[in-house]
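S.K.: Sequence:
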Amino acid sequence: MNNSTSGWPAPPKDGAGPVPARYWGVWSRTLLETPQTRDTSTLVRWMQLGQWHVDLRVPLAADAPLQGFSGTTKVTQVAAQEMCTWQRLVDYQPPRATVDEGWMVFKTPEQVVETGIHGVYFEVWDRLPGSTGRRIALAEPMRSDGTPGVRLFVSGDYLMRVRPVDPLGPGFEISFGQFADGKFSIEASTISELTGTCTELSLSRLSESVAEVGMDSEPTPWGILEWEEP
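First residue of the sequence shown? That's -13 in the numbering used here, and the numbers climb one at a time after it.
Keep in mind the hints are simulated off the structure, nothing from the lab. Just so it is clear, the structure is predicted and the values come from calculations on it, not from any experiment. Heads up, the beta-carbon is just placed ideally off N, CA and C, and yes, glycines get one too. Hints should not be assumed to be uniformly reliable.
[Stated by the list, open to error] Simulated restraints on C-beta separations: (1) T133 - T94: 33 to 43 Å; (2) V85 - S188: 35 to 45 Å; (3) P80 - T133: 44 to 54 Å; (4) E214 - W89: 20 to 30 Å.
The whole structure should be built from the sequences, with the hints applied where relevant.
M.R.: Right, here's the structure in full:
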């Protein structure tokens, strides 16, 4: 299955191959510093697979904006520095005025710091335990009503579900939680009513390019974007 049959935009042609293995997993942002703010309370989860990423940001303050996006990731060496570019295909917020990219430095294998290229900021990311191992990205075909298909992304014990809508509206879902024993337990979501809920979810690989997914209904065939297991 390709992106044109799922309703999602196609990845950039210069997306390159898989990112280095040191990026794989789910990263929790523990600090954001800008000239104006210092934030340690917003729940931020960045899942990075071999090529695909999902990012969800849920602030504690009810009047603060939710953020989230998904797409492909590109890592580039620039002289002695390493630059990470998040190529957003779907975005909960309006499109950015600048490319989303930052300088990355691994302080330890489990912690990476990011500094801004197109803005002044500093972020600290810590990898969640249990978030490495299997890496799965699945694409539902475009739905019968013409809306883009859902994407599921699995990294270790965690899963993120992305259900975009265009134009942006309340049905746009990016949910994060644990995935074990056929159950997806949602810990945070752009749809507040989903937080704390648990749903049955089955995934099975049928071939190199097709998986069977049971979600909300009888199992149906989805396209495989990535599927790697230890």
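S.K.: Please go over all the hints and tell whether each is borne out by the structure.
M.R.: Verification of the supplied hints:
1. Between T133 and T94 the Cβ separation comes to about 42 Å, which falls inside the hinted range of 33 to 43 Å.
2. With their beta carbons about 38 Å apart, V85 and S188 fall inside the hinted range of 35 to 45 Å.
3. Checking the proposed 44 to 54 Å range against P80 and T133 shows it is violated: the Cβ atoms sit about 19 Å from each other.
4. A hinted range of 20 to 30 Å for the beta carbons of E214 and W89 is consistent with their spacing of about 27 Å.
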